[in-house]
Amino acid sequence: MSYDLIGISVLWLFLYGYLILASIDFGAGFFAFYARLTKQDHLINRLISRYLSPVWEITNVFFVFFYIGMIGFFPDTAYYYGSALIVPGSVAIVLLAIRGSFYAFENYGSKNNIVYLFLYGATGLLIPASLSVALTLSEGGFILKQDQTVSLDYWALLTNPLSWSIVGLAIVSVLFISACFLTFYASRAEDKAALKLMRTYALFWSTPTIIIALTAFIYLGQHNERHYQNMMDLWWLLALSVTFFIIALWLLYRGRRYGVAFVCIMLQFLCAFFAYGIGQYPYILDPYITIQSSVTSSSMGFALVVVFIGGMCLLIPSLILVFKLFLFDADYVKGKK
Amino acid sequence: MGIDTVLWSRLVTGMTLGFHMIFATIGVGIPLMIAIAEFIGIRKQDSHYTLMAKRWARGFVISVAVGVVTGTAISLQLALVWPNFMKLAGNVIALPLFMEVFAFFFEAIFLGIYLYTWDRFKNPYIHWLLTLPIVLGAGMSAVFITTVNGFMNQPGGFTMQGGQFTAVNPVQAMLNTATFSKVFHVLSSAYLTGAALLAGIAAFTMLRKGVTGYHKKALKLMMAVVMLFGLLNTVAGDASAKFLAEHQPEKLAAAEWHFETESGADLILLGWLNAEHKIIGAIHLPKILSFLAFGNFNAKVTGLNEFSPDEQPPLLVHYFFDLMAGIGFALLGISVLYFLFTFWKKRNEHNKWLLRIIALGAPLAFLGVELGWFYAELGRQPWILRGYMRVEEAATTSPSVRILFFLFLLLYIVLGAVSVLVLRRLFHNNPAETEMEKWAQHAGNKRSGKDAHA
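Respectively, the protein sequence lines represent chains A and B. Take 1 as the starting number for the first sequence in this note's numbering and just add one per residue. Take 1001 as the starting number for the second sequence in this note's numbering and just add one per residue.
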């Protein structure tokens, strides 16, 4: 396998990892705020902070990892995406900053501050929205190139139904994934009240998720025929995704095996995400960047792969340790440690 | 318009880095102090030191959070504000950036575990062991990112062909000639600053609330660390100066206002320049610059006039250099003074004036770090990649960058203010002594509970 394929596969896997971890995190922010508004916060706040506080930095690293890796394997992306995304990217930085600081400050009293909780909830929805702009961009047609200057065509972006449906999809899937995870976590903690609440949220958000996913798919067909066709050729992946979704929904509805349900949802998004990614091949930014044209030199590609393997040998055991301590340690989850 | 966006780009990046530097230095320096304190606490079975580690770790989290978000900001800004630079150099610096993320990852994982497992292990050394990956991860991320900066000063490990880097050797690019002295100086100054900060806090608290056992121990421990890293930092600074003299003479010459190439060059302290570039009111130390640069009083030092005017760094850096070096020596001096007082029984090492000076050392240390970086970065102007790419070729052309400056300025003001408020609330309302008593009480309750059972 060539370095461009290894590179893009690794990066796509990391982006997927970020998608799941960050969704849990971002959605939790929204639910924390919403529960406060509806006076149900006492049910879930403890649950949220017990899982999220130890792992928020890890979530953040997945993101940094993705785009540093992107620039590393495909330096041309820095130029196009960097130039075009200067405004939405900076907005995302500010939102991430507000959110990141919340974790440090929440332990020391600001949790009870409704303004901060609002910011925490709002950033949870705005960050996925602002980050999804990069995905929309990659479909092509939103970049203005004059001589050497690359900029974003805001008018085209804001008037296009595709960009809005991608934003919508990002937001509802965040809420859906997060609610499912917290349902599972609540069931592990044997916290009946939180479980009931989170299960309602999960069931509620499943419908818009699947509807907007279909809508986005249809608009994609109108905007980028090639990508749409490629994805249609991968129909079995999409069908698999829908199957996992139905299994997860059934388990949630029957109120059992929440762990399996969450795994199904992870697989649902994995299939859809890879169908989307493989369909986009070989473009990273249609039509300016393909993965072959922008790949870094082979010596750098080799070095990055070596470091990646070495890094994984270090990280995977550490991540297992984290999960053992904070996710699968029943006593910790129940709040006894 | 083009020039205008370049200036704004520089301001955005300078501001972000300047702000991040405070938290990055804490992020590298403090974990080592926490590790030392916890270790001594376990060894001596002295709960004062354990409490130190706990309290420092609690404050450390706040600064880590701000460090993480500003660090994320910088890594994104690299591509947003300097797209042309990243396109060109991304081929060569991707490796250290990638490795830095791994180091950060490693640190992040274990920091999370460390903070949430204080009482989970029977053997206290297991919890202490968790500090090692944190110290290592923090240190290594500083090392990797510093190699990137080294590369920008001393590009190497590639050949230039038609405006593109080819035949890239990533490892050679990382281990460029600037790397060793830079890494050494960055690490030693971060540990020095971390210790100076904690010593300063201990001294400040003693001034306000009187001398207590806890703060005495904290002060003594940290002053020892200040002395050790003060010495190492002096060696590192000297290595950096010798590196500059050999490989980047224009930077050293600008810092020293050394215009004509000459043997036995004087070291110039402070002073100012008149309209004809004559130095007025400065202290001249004869032949010291030659010695500083080459270890030989009569060595020839390249002057700034050897370089064409559009390749000369701004002359302002002279003050940054002098102040940075002055602060470095002052911190070392303070620790020597402290230990002189400790061993010379007639003197009280906790007298008000000494404590005031130690307290002042904390902000001075941070000022020194900032000035040092301003010197290093401005001293490399007009290059972003020395010899290959000028700053104005690298910047974005988007006029939005001006708005970004104000957006980020606002963000940093808010972040800075909130972290100060939170830190104040955290420590001000909960002095170490009260916490110690609570602990003792808690332990006492436990013991009496057990006795009752027996």
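It is worth saying that the hints were derived from the structure and are not from the lab. Even for Gly, the Cβ is constructed at its ideal location relative to N, Cα and C. Mixed in with the good hints, there may be bad ones.
What the hints assert, rightly or not - Distance windows between CB atoms, simulated:
hint : chain 1 : residue 1 : chain 2 : residue 2 : range
1    : A       : I218      : B       : V1414     : 49 to 57 Å
2    : A       : I309      : B       : L1228     : 18 to 26 Å
3    : A       : V115      : B       : I1126     : 37 to 45 Å
4    : B       : A1440     : A       : I309      : 44 to 52 Å
5    : B       : F1121     : A       : I309      : 42 to 50 Å
6    : B       : L1421     : A       : A122      : 16 to 24 Å
As the list claims (entries may be wrong) - Residues from chain A shown here face chain B by an in silico Cβ test under 7 Å; the list is partial:
hint : residue
7    : I58
8    : G82
9    : S83
10   : M312
11   : C313
Could you work out which earlier hints the structure fails to respect and list their numbers in ascending sequence?
1, 2, 5, 10 and 11
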